[in-house]
Every structure is written in C-alpha cells, then in structure tokens.
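Undergrad: Take the sequences, apply the hints, and build the full model.
2 protein chains.
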Amino acid sequence: MQKLTLKKIAQELDVSISTVSKALRDSHEISKDTREKINAFAKLYNYKPNNIALSLKNRKTKTLGVIIPEIVHHFFTTVISGIEKVANERGYNVIIGLSNESFTKEVINMEMLANGSIDGFILSVSRETQFLKDYHHLTETIYQGMPIVMFDRALPEVECDKVVVDDVEGARKAVLNLISHGCQNIAIITTKDYVSVGMLRTNGYLQALQESNISMNEKIILKLDDKVNEVEHMNLLEKEIKNLLVKNPEIDGIFAVNEIYALSAMKEAQKLGKNIPKDIKVIGFTDGILSKYASPGLTTVSQHGKQIGEKAAHLLIDRLENEHIDTPFQTVVIETELIERESTF
Amino acid sequence: MQKLTLKKIAQELDVSISTVSKALRDSHEISKDTREKINAFAKLYNYKPNNIALSLKNRKTKTLGVIIPEIVHHFFTTVISGIEKVANERGYNVIIGLSNESFTKEVINMEMLANGSIDGFILSVSRETQFLKDYHHLTETIYQGMPIVMFDRALPEVECDKVVVDDVEGARKAVLNLISHGCQNIAIITTKDYVSVGMLRTNGYLQALQESNISMNEKIILKLDDKVNEVEHMNLLEKEIKNLLVKNPEIDGIFAVNEIYALSAMKEAQKLGKNIPKDIKVIGFTDGILSKYASPGLTTVSQHGKQIGEKAAHLLIDRLENEHIDTPFQTVVIETELIERESTF
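Note that the protein sequences, when read in sequence, are chains A and B. Here our numbering = 1-based position in the first sequence + 588. Here our numbering = 1-based position in the second sequence + 588.
Any given hint could turn out to be false.
No copy labels: a pair is met if it fits in one copy or bridges any two.
Unchecked claim - Simulated crosslink set (DMTMM-like; lysine to aspartate or glutamate; CA at most 25 Å straight-line): (1) Lys830 <-> Glu600; (2) Lys880 <-> Asp754; (3) Lys761 <-> Asp781; (4) Lys830 <-> Glu930; (5) Lys673 <-> Glu716; (6) Lys673 <-> Asp813; (7) Lys761 <-> Glu838.
Simulated from the structure, these hints should not be mistaken for lab results.
TA: Written out as structure tokens, the structure is:
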C-alpha cells in the first residue's frame, strides 16, 4: 500500500500539485467543480490534508527540516554548517531536502517532511517559486502551526521569522569600492530580476553609481539565468561574459552577484589579455573557498553564511520552545563585509 | 509528549547510544545486567526497537534517505546531484542527513529517517564509524529489511550493494603519470589509515613506486586528519605541508588524495618560490570546481561523483521495486579518469 500524497492525487486527476493543495484548503482560486472532485478523491482514499496539525499534536521530533534550492553553491553549504552547529548544541537533528530550484519539488519536499518528521522549517525558496509568486504551501504550513524561518531569499509576502543579508548595502559598498579605486565603467553580472537577491544587489549597484554621478549604461548590465550547476549553462555563461567584454572594451570594473560569475569574468578577461586588477578590477559576492583559491585572489562581499544558519536555527528553536508566547516575527539582517584580495588592488 | 529515541534512552541511563542499540537487539557484547536495564526501560516507555520492520509493512514512502559525512567536500555534493537526478526520473524524493563525521550522529540520523520517513538508504560512513569499527546500526537496518547502498567509503564487513571508485588504480595511474613526467621524489599527502579511501589511494601510490623501482621514502609520506571544514585545521594543514616541503627540498612531485590538499600544496610550494609544474608537479584526486579554477589548473583523478550517485540510486530503487526477488548484492566499480591540466605539464 502506498501512502497517498499531493503528487499522486495530482497525477491521478491530471491537475497540478498546486491545484490539489489549494483545492484541499477550499481556495476560491480553484473552480468549485475541481475542488469538489479533488476533495471527494482525497476523502475516498483517506488523505489527511491537515496532517501537519495532527502530527504536531502528537509529538515533538526534535528535528529541523531544511529546504534549500541547491547544494552546489558554497553559500548554502555554509548556511547548513551553521544550522547544524546550533541544532547540535541545542539537542536537535537536521534533515535536508533540495528543491532543485523547482516549485513542485519544494511543495513535495515540504509535504513529505511536515508529515511527522520535523518540528519546523528553515528554508530558502526556489527560483521557480519566486517566478510563479505562488506561496500557498508556505502560508498554509504556518497557518497549521508549523513555524518557518526563511533565509536569504525571503519573501515580503510571507509572514514569518527571516534572516537576510543586507544585499543592497553589500552591493553598494562593493561598487563604491571599485569607484574609489578609479573605475568609471563598471559592469554588473547579475541574475534575472525575479531572483530577489539578484535584484537587490542590482539595486545596490545602481545606487552606488547614482550617488557617484556615474550614469548607468544598460549595455554593461548583464542579466543571466542562475543555473551554475549545469555544464551547458557554464559554457553559455562564459560565452555571454566574453561577448560583454569584447563589445565593451571600456569596462574597467566588474561587480558580479556571485562567486561563479566573478571567477568566470576574471577567466574570460584574462583570456582576452586583460590584467586583473590593472586593466579590470573585479568584486564578487559570497566569500567561498573559490574566492580564496582563485588567482588572483578575489575581492568579495562576504555574506557570513555560517552566521545566517546559526541565527536561523536559534530563531526556529526559540519559537518551538516558547510556543505559548505570542512573539512577534523578527527579520534579522546579517551585515556583509568586504574582503579585499588581489583582484582590486 | 516527546518521542522516545535511542538518544533519550542513552541520556536517561547514562550509557552510549551504541550500547542502547546493541542491548535492544540482545547483543552479547553488552553485559546481561545492562541489557536487562535498557530493555526494561524501553518496554516501560513503549519504545519500539523494530520500528523499521513495522514501518516497512505499512507503507512505501517513495523517499530515499542519504547520509553523508559532510557537505563541504564538492565530491559529496556531486554524488547527491546524481542521486537526485535518478530519483526524480524514477519518481522518488530524496532527503539528506549529515553525520558530520560522527558515529553518534550517523546512528541518530539513521534511526530518525528509518522510522517511517524513507524506504532505503544511500550512505557513505563517517570517519568515526570507520575508526570505531562499529557497524551494528548498518547490519541491523539491513537485517530488518531496509536496503542500504554504500558508496565511496564502503565497508567489506557489511553485506549490501556498493558503489566504489577504483581508488587504488586511480592513485596508481596518477603516480605513474608523475613518474612518466620525470618525477623521482614523489610525496603523498593523504589521510590517516583508518579512512578507507585514503589508505587505498596510499596503496596505489606505493604500487606505482614499486613497479617503477623507486624506493619508498617515509619522510615524504604525510598523513593528515581529514577535517577540511575547520579553519584551524586548514591552517595546521598548510603548516604541515610547508614543513614537508622545507625539510625535503628534493620533492619534485606531489600526489594528494583530495582537492584541498592538492591546492594547499600548490599554494605552499608557490610561496616557497617553487614553480608549478617546472619545479614540482602536482596531481589531486576529485575533479571539483576548485581544480578547474586553480592557478595553474590542477591535474586530477576524476571520481565521476555524479555517476556514482546515479548508479547508487538505480541500485537502491531496483532493490526496492524487486523486493521478492533475491538478487545477490553487487559492488559496482566506477572507473576514474586522469584529467590533465597545467599542474603537470
């Protein structure tokens, strides 16, 4: 006998997982007909939509569920090491699920873990969730009494505890640093706008230019898809960066919103015979092991991933252990720090 | 009400988790007195030692549990990406637990996940488990009917499906490559012997020397603790490598059993004014993103982590879906490949 899940109901009735989930909580976004069909099916096969509330009543698992978009970015692994540290100190286990940047996988993973395995979530939402702007699985979980702490990619639309980086300020400081080193034609390599942190860092870049009276040049703003874990994408990334540098030889500074973009930019610039930092100065975001071992060493905005993880774990465990106190939600901003290496001076 | 776990019984009775686990299956390694005490306690509080068997009877979760020693090594993240790929294709979810190289955390994580959350395990054992040689949590899980696929750090003592790298052969080929490039004084930077893959790669190194009639020099065999995720350890690592190079200036080749050791060796050698590859040629193991971005690019033995993960997931799902067929256990060896970059020629 297989357990009935949202996914199976969706497959059986040939609708999306999101539709099933919404229909089960009687959302008026779903037609009455579909809602009735889905609820009848769920009832027939004894599916319990309120399994979170049920499982919460019965026991504490002393386990935290962590959902991250991907495991290849060094940033997420450092956040996890921070979560693990605090969880161990306070007597909790940690289990991790990956959304692979997919909305559907995020929903499925949350359903699976919320079903009695964990006491609460620490999560960073997937690209697709941000793109679709469908947050019902998050609000529903919180509504049923299971706390969520969001980190990094936090959503203003969801009310919960959050740990975020001062992305705008971190990017602003980085670009001001490039300007103070004499750069006048500073390119930005960033993600598409629907990725919240990419947009915030782009805003910081624009602010720094504005307050330094440097006019924005759209030709040197490169917005890429944030898929660094696929070989084809890495090749495309390198091609687009090369293109940017060849078409705009006046570029004398590059601000990249992550480590991979920054290193690819250095590599492509070097291939074109440019000296770093003499001809082009480069600053990245995220202080990972790549930045340290790069040649020249990469100046970066450090996000303090470990501290983000530690703070998120403290917030979640505090809320779990004080469940009868109606503490207001907090948003904790972890300051960034500019770590200067050889790519800028 | 909190669920009773091995950990809580251990805390309550002031014994180790391993003792509790062994006592509950009536192991004669534990004194009769202690066994009786633990079993009485478990009975009193209604602890079910055979929860795996019970949960297996009741349902399939369509979820695979993955336990890895740590998340900072790029190798483990690539294995996970392979597991995720095949699991998604075949309709399974994946949840991940970290042992942080600790035996106790490995046991706790396995207990937590086996308790109804998953159908089977894919795992690489912790350093401490290898050191203690205590495998009862693995054999017990298999005995209760939940399949395990071990990868990378596989144990001959545990009968199950395994996916391993040809560590000996990979190391042998790497060292023969250094010799073919003219190196005569080849150092190895490896782990302590209880880490199985470190020992196997050291064996490959010794084989290559022997068949080339180069006598082993113990002074240039450096065995380190494999804790790359701690800053203090990184510093110690660099100090020990520097020491090795200063005391043995005749070293003209270095074979390192992982990427971090190899990059640290290059860095320290460069600091001492050595040119790579002219003065010292370096080969690492694991073809991660670090090797690609290093300067010079690092020649490495690629372990094909993604393929290891894919194969492990196929083996586990095949076994789960053919439970009535008594298939013999398989050990699949994934071939390594030498990827030559600028650190050797």
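Undergrad: Each hint needs a verdict: does it hold in this structure or not?
TA: Taking the hints in turn, this is what the structure says about them:
1. Lys830 <-> Glu600: neither (48 Å within a copy, 63 Å between copies)
2. Lys880 <-> Asp754: So Lys880 and Asp754 pass the 25 Å test inside one copy only (22 Å; across, 31 Å).
3. Lys761 <-> Asp781: Result: close within a single copy only, 20 Å intra versus 47 Å inter.
4. Lys830 <-> Glu930: both (22 Å within a copy, 22 Å between copies)
5. Lys673 <-> Glu716: Result: close only across copies, 18 Å inter versus 30 Å intra.
6. Lys673 <-> Asp813: between (32 Å within a copy, 20 Å between copies)
7. Lys761 <-> Glu838: Only inside one copy: Lys761 and Glu838 sit 22 Å apart there, 47 Å across copies, limit 25 Å.
Taken one by one, the earlier hints fail for this structure only at number 1.
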